[in-house]
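Asks: Chain residues, written in single-letter form:
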Amino acid sequence: MSVDIQLAPVIHFEPGKIGDDTTRSGNLAAAALRAGSLIAFVAILLVFSATAPYFLSVGNIGNVLGQSAISGVLAIGLTVVLIAGGSNVVTGGIDLSLAANMGLSAAVYATVAQLGYGDATAVAAALLTGGLVGVVNAFAVVGAGIVPLLATLAVMNIVAGLELVLTQNTVIPASTPLLTALSSSGPLGIPALAYVLLAFTLIAAAIVQYTPTGLRLYAVGEFPDAARAAGLPVRRLLAGAFVASGLCGGFAGILSVSNLSGSTTGSGEMLLPVVVTALLGSVFSRRLVPTIIGTLLSTLFVGFLVNGFQLLNISSVLVSGVQGLLILLVVSATTLLRRQEA
Amino acid sequence: MTLQTSPIEASGLPRAIIGAIVNNALVVALIAVFAVFSFATPTFLTIANLQSILVNNFTLLAIVAIAMTFAVSVGGIDLSVGTAVDFASFAFVSLVLAGQPVAIAALAGLGAGAAVGAFNAILISGIGISPFLGTLGTLFIGRSIQQLLTNGGNPVYLPPSGVPEAFRFLGRGAIAGIPVPLVIAAIIIVAATVILTRARFGRVALAIGIQPSVVRYSGITARAHVAVAFILVGLIAAVAGLILSATVTVYIPSSGNAFLLNAIGATFIGTTLSRLGRPNVAGTVLGVLLLSIVANGLLLTGLNFYWQQVGTGLLIFAVLALSFINRRKATA
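The listed protein sequences correspond, in order, to chains A and R.
Remember, my numbering sits 706 above the position in the first sequence when you count from 1.
Remember, my numbering sits 22 above the position in the second sequence when you count from 1.
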């Protein structure tokens, strides 16, 4: 048994073996799991819609999308770091500062807006804040060589502290044209945030899944030595991933201000749910690796679960328990399948 | 975890000095922080304050961090240490409230913590889930269970009249002038050191963390050792839960999570800044001391409470950055 700290289940491909039975059964297992998780997803949707007729209505689906926007953007940011950092928690990629980053960016946006500046300035300030946090992470991990877990943990403390300094632990109300637009409903009566999430996912997926840069990120994460030997700028790509994740934190900050009509404290609470969402995401991908679309699916999975519970009047107390069970079920299935194939 | 042998090949005096600093980075950082606060504030270097650091900042975090050290020793991590703290605290307070003898309640508390550890052990050793994900699941499930047990998250108070003497002694008593929690922490530190460095179990555990395959080829049942390690994590964290609830005479759902990130921080600071880059009790304790001294010292500077958190983060960030950069230079 291996006790390596692994974030995501990784299928190992051995170069000489492509096409023979081992790989084929490995693909089968992966396909089974992927299909299994999608079936579970659909099954949950069906169960909820059978018991709560409103569940699968356009309006409700839009609601779920809108409510998942913030955690979705954060989880996608974390996914980029997971891709470029690799699957080992200690030496690999993780960004614990994301939730705190969102809180600080939201506070910066609300403060700048309250000072009377326009939306453009406030948005720029929030994104700049998020990006700067990402730059600090990148410097700590790539420049100083601190393991990501420790580096982003320290940065998380600094950022959370700065948010408290800025807000004095109070709510900073904000209301700007952009916020009004974000919190309104778009076409089909679906919240604007839902469209924001979809558009953001599409752009992120296009960059990560379909450009050479995206492919290089995977190479850096999965096979750093090979990537280095192939002449890829490993350090720059890894640094870029942390900066991208920081920008996602800044963007999520703006969304959270629109959602709550101001910056509020307690953003740190989102950290672990976001980590779970990003990690679960790899189950929804073909090769069981972190992907943007996979992360979106896992965000929606959690979103529909929470929403269904609300519609069925099941106590919200159970939500985190079910989330926990879900992780364990999915990961157990992955592990057992992999063991069978060995 | 990367295993590093001593990174220093001494050649010439400057290199030797850099080497000495790098190899003892944690001690150097601790002395530096200690010196700065001694000069910066008049009250830092007083017996009363140093004792307050040990009792208020050090004890509980040290116990939880040592629990974490066992998880890291076998190459894992335990995100549910706070859950074990909470479960122990809940069982302890509830049973005392129900009129059970303190000893029985304490044993039940330890059992509850160990049960959390056993659940993790089944996930990790039994099913083969990675420790990070397995214990993350435990953390989430534990949160729900606690809310279910407390009608959605209400604290369980012990009325002042209903606090037994033994219960109070555990939290606020003293043996020969030394606070009981500190005595317990000291016992755990010594015991954990002996287990990890002298006992066969500890050596195997560390070997699993460094080279699992070698352990397996040596015919040692790695899975059993990993399972025991995670049960130990739950058990040790439970001790912190007992002391916590005895000190504040209340159980607050999910309050144990407050220790999680600091415990991880202390353990990994101790691991990465120690000479061999391996998890070790002394390193963890020094890491906890560093965090405690910084927290206390910043409090004494009279800095705005919110700036203190920024300061703590900045100081730890600086210590980490300097030591990692130095290490890189020394090995280059």
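What the hints contain is simulated information worked out from the structure, not anything from laboratory work.
Every residue, glycine too, gets a C-beta built ideally from N, C-alpha and C.
Among the hints, a few may not be true.
To be verified - Part of the chain R face toward chain A, derived, beta carbon under 7 Å:
1. Ile-151
2. Ile-163
3. Arg-165
4. Ser-166
5. Gly-174
6. Phe-290
7. Leu-325
8. Trp-329
9. Gly-335
10. Leu-342
Asks: Just pull the numbers of the violated hints for me, sorted ascending.
Replies: Structure breaks hint 7 only.
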